[in-house]
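All chains, please: the whole structure from these sequences, using the hints.
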Amino acid sequence: MHDIRAVRADPAAFDAALARRGIAPASAAILARDEARRTAQTAQQEKQARRNAIAKEIGMAKRQGGDTAALEAEAIALRDEMAALETTAAEAEREQTALLEVLPNTLDPEVPDGADETANVVLHQHGEIPSLAFQPKQHFELGEALGLMDFATATKIAGARFTVLKGALAQLERALGQWMLALHTEEHGYTEASVPLLVNDAVAYGTDKLPKFADDLFRTTDGRWLIPTAEVPLTGFAMDTIIPEADLPMRLTALTPCFRSEAGSAGRDTRGMLRQHQFWKVEMVTITTPEQSVEEHERMTRCAERVLTDLGLTWRRVFLCAGDTGFGAARTYDLEVWLPGQQAWREISSCSNTRDFQARRMNGRFKPKEGKGNVFLHTLNGSGVAVGRALIAVMETYQNEDGSIRIPAVLQPIMGGREKIG
RNA sequence: GGAGAGGUGCCGGAGUGGUCGAACGGGUCGGUCUCGAAAACCGAAGUACGGGCAACUGUACCGUGGGUUCGAAUCCCACCCUCUCCGCCA
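At position 394 of the first sequence the residue is numbered 387 (the working numbering), and the sequence of numbers has no breaks.
Check each hint, because a few of them may be wrong.
[To be verified] Keeping only pairs whose Cα atoms sit at most 27 angstroms apart, straight-line, the calculated DSS-like set for lysine-lysine is:
hint	residue 1	residue 2
1	K159	K413
2	K159	K149
3	K130	K159
[As the list claims (entries may be wrong)] Restraint ranges, calculated between C-beta atoms of paired labels, are given here:
hint	residue 1	residue 2	range
4	E363	D73	47 to 57 angstroms
5	I235	T184	17 to 27 angstroms
6	T90	E255	20 to 30 angstroms
7	P237	G58	47 to 57 angstroms
8	G257	A175	26 to 36 angstroms
9	D73	T184	52 to 62 angstroms
These aren't lab readings, by the way, just hints derived from the structure by calculation. Backbone N, C-alpha and C define an ideal beta-carbon position, used for all residues, glycine too.
Here it is, written out as structure tokens:
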């Protein structure tokens, strides 16, 4: 959520920031509501002050047995006048909020221009695109041939965009999640959290999933939401709180299933388990100060890269351009992994600094060591990494010509020393 | 699910429909005292949104949202949450 005072202070800059995202100017409409609200509010408050004074006078007069009829009449008149002003102010504020809450975050100045992913900038690549001596298969071909990946059963019991894993592949998926979690907690200073997978409106709104992206989420019959990422509950730790600066940065991680309706992606990535309604993901979230968030973003991204490097995967860091940066993010790095079977780079992690955009929405602040007042926090989130896609990448990268799959060295201890599947 | 109790400031805890933004205690910060500290004493301190160049000032906030009233922390209604007992349950 944007700071209305920032819009007021420099409407042109606000509209220019929106233009980078290809969004029409909005400051005039917003400021009209702001002006209307303040005018009505000021008038209403003046009447309220008078009404409060009258109430006091009546109280004193009654104690002395005086006549209060005239005062009471004035108070009633005031009440009616105030009601109209209050309605005007509330309506203007509602409209202003409705306009503001669907506007994306302001981009970091360094974010490259561009309308879509073709303008993203590859910052660096780790590892070579492997040239196999045979025709590599895609993960679902490998999985189905091994009899360990079963889409038919998943479809029968749940529907499209679900997968059943069995035996060593199920174990490999579990090992990946466990191992990533251990890496972040033991070496990267993140605190593991086990969190609710169902959340309320407030935290979904605070993490900018609502109201604009409600269609992307699954909703429970009692009005809660299945989390699309652990970013939602973890960032929610900061909601409606004032954290002492000494407790920052707060680095949190969780391994959770993620649920996405994939409403807008019908027909895309329908084969295999690349795009599912449900997948496991290790998420990292940092809650910190404005001074620390820039460096924290780099640090978090390196933590995600470490996962891919240690798994022996080929990956690259991509700086998302203006048009591809997500709604809540000021700056985002995607990590893309090379899938030999698909012969393509695919997103496996996305690390974003939202600055104070989410913190404003959820009223998350900290108390600075120096100086007065409370300041909005900065929140960052990043996948560390998507487990389902890591499984795909491992399968396609470590496949042998006979369809068997070697197990990356770091995972072998958790896989009971096993070195190969199939 | 049934029955009951309760939600007040950083914490504990008062609060009669009318000078209550809220007693009192603790904690915090500043000061006095001290070689220094403790104790004691004195003082300060909430958040949000307006108005004002500013000093300052107005309004709101006692779980949330409505209502009654000239006036609500206090009365009424709904909802949320916490606790106790019973039932059920991984």
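Hint check:
Under the criterion of a C-alpha separation no larger than 27 angstroms, the hint pairing K159 with K413 is consistent with the structure, at around 15 angstroms. At most 27 angstroms may separate the alpha-carbon atoms for a hinted pair to count; K159 and K149 meet this at roughly 16 angstroms. Between the alpha carbons of K130 and K159 the distance comes to roughly 19 angstroms, so the proposed pair stays at or under 27 angstroms and holds. Taking the beta carbon of each, E363 and D73 are about 49 angstroms apart, inside 47 to 57 angstroms as hinted.
As the Cβ distance of I235 to T184 is approximately 20 angstroms, the hint placing it in 17 to 27 angstroms holds. For T90 and E255, the Cβ-Cβ distance of about 29 angstroms falls inside the hinted range of 20 to 30 angstroms, so the restraint holds. Judged by the Cβ atoms, the range 47 to 57 angstroms given for P237 and G58 holds: they are separated by roughly 55 angstroms. Distance hint check for G257 and A175: the Cβ-Cβ separation is about 35 angstroms, which falls inside the suggested range of 26 to 36 angstroms.
As the Cβ distance of D73 to T184 is approximately 55 angstroms, the hint placing it in 52 to 62 angstroms holds.
Consistency note: the structure conflicts with none of the earlier hints.
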